[in-house]
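Protein chains in written order, with this note's numbering: chain A, 967 to 1087; chain B, 106 to 281.
Hints were generated in silico from the structure; no laboratory data involved. Owing to the predicted nature of the structure, the values given are computational and were not obtained by experimental measurement. Any given hint could be a false lead.
Stated by the list, open to error - Here are some chain A residues pointing at chain B (derived, C-beta under 8 Å):
| hint | residue |
| --- | --- |
| 1 | Ala1068 |
| 2 | Leu1072 |
| 3 | Arg1082 |
As the list claims (entries may be wrong) - If you anchor each label on the Cβ, the simulated ranges turn out as follows:
| hint | chain 1 | residue 1 | chain 2 | residue 2 | range |
| --- | --- | --- | --- | --- | --- |
| 4 | A | Ala1018 | B | Ser177 | 37 to 43 Å |
| 5 | A | Ala1019 | B | Gly137 | 21 to 27 Å |
| 6 | B | Ser164 | A | Arg1083 | 40 to 46 Å |
| 7 | B | Ala169 | A | Leu1075 | 30 to 36 Å |
| 8 | A | Asp977 | B | Arg259 | 35 to 41 Å |
| 9 | A | Ala1019 | B | Glu155 | 33 to 39 Å |
| 10 | A | Asp977 | B | Val248 | 19 to 25 Å |
| 11 | B | Asp135 | A | Ala1085 | 53 to 59 Å |
| 12 | B | Gly137 | A | Phe1008 | 52 to 58 Å |
Glycine is no exception: its CB is placed at the ideal position from the N, C-alpha and C atoms.
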Amino acid sequence: MSDDPIDRILDGEEEILPSSGFGASVMEAVRREAYAPPPIPFPWKRAWPWLAAIAPTFAAASFLVVRQAGFGSGLEPQAPVVTAALESVHRTIVATYADWVALALLITLASIALSRRLARA
Amino acid sequence: MLAGDLSAFEGIVRRWQGPLVNLAYRFCRDRGRAEEMAQEVFLRAYRALERWREESAFSTWLFALAVNLYRSELRRIPPAPLSFEDVGEPRDDRPRDGGLEAADRDRAVRAMVHTLPPKYRDVMIVYYFHGMDVPAAARTLGVPEGTIKARLSRGREILRGKLPGLLAAPSAARIR
């Protein structure tokens, strides 16, 4: 037997019993969980082509922003063809509203990531 | 395997409901909340059963899951605040050495455990209130055994420092 009064005091706490319906309530929750339809998976197959398509949008937009800010002036003499191509891609994307689709996809991905994180917490 | 097998899981609930509710109660001191937290542990265990690796004991895995959830729940919604001043001091003129009834003293000391900083509180709860030995506490809390011993020792010191008249230093502290 320990002669430390803390040991004696803390060891002596009585047990509590779960309420009578606790086990049934747990199993009801588990059954709900078991029979709930699985979460709808994110449609990656449909999203991938769009994600691939919008990559040039961001490249073009970044390039134009940098150029307009004056940081990219050194590139113009060396890559006029690239500049023209990116501007063309940019115009096409704006005309087909692909930029809005890209924004919607990004918001969707962010909300999925956030909800998964919250569900784990 | 067990995953998805509801009748097997019902056996798990029957076997572990008492220990999990008690452990939750040690953390929050509220019976209703303890049952809610224990139910959440069972739900998470059901979802995660496939991830249990059989090289560790099921109880170790389950209690580690439970302690993690209880700690994060207490961070999210702390229990009613207690301070050393609230629980530790006799409120009459009787001398401390024997004046305070033993039951009152014991209740005060147990309540004081919940005023300790969380890292000491958690070790004291699983070691004393839940009856784990040092290796089991170390596995459950995910820290080395030496850390458990050090935190137990420091936790006791803090308690003794707050109630010097009630908790005299022992000749040798026990370690399971």
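Hints and how they fare:
no., hint, verdict
1, Ala1068, "violated, 34 Å"
2, Leu1072, "violated, 29 Å"
3, Arg1082, "violated, 13 Å"
4, Ala1018(A) to Ser177(B): 37 to 43 Å, "holds, 39 Å"
5, Ala1019(A) to Gly137(B): 21 to 27 Å, "violated, 54 Å"
6, Ser164(B) to Arg1083(A): 40 to 46 Å, "violated, 29 Å"
7, Ala169(B) to Leu1075(A): 30 to 36 Å, "holds, 32 Å"
8, Asp977(A) to Arg259(B): 35 to 41 Å, "violated, 19 Å"
9, Ala1019(A) to Glu155(B): 33 to 39 Å, "holds, 37 Å"
10, Asp977(A) to Val248(B): 19 to 25 Å, "holds, 22 Å"
11, Asp135(B) to Ala1085(A): 53 to 59 Å, "violated, 25 Å"
12, Gly137(B) to Phe1008(A): 52 to 58 Å, "violated, 38 Å"
Taken one by one, the earlier hints fail for this structure at numbers 1, 2, 3, 5, 6, 8, 11 and 12, listed in ascending order.
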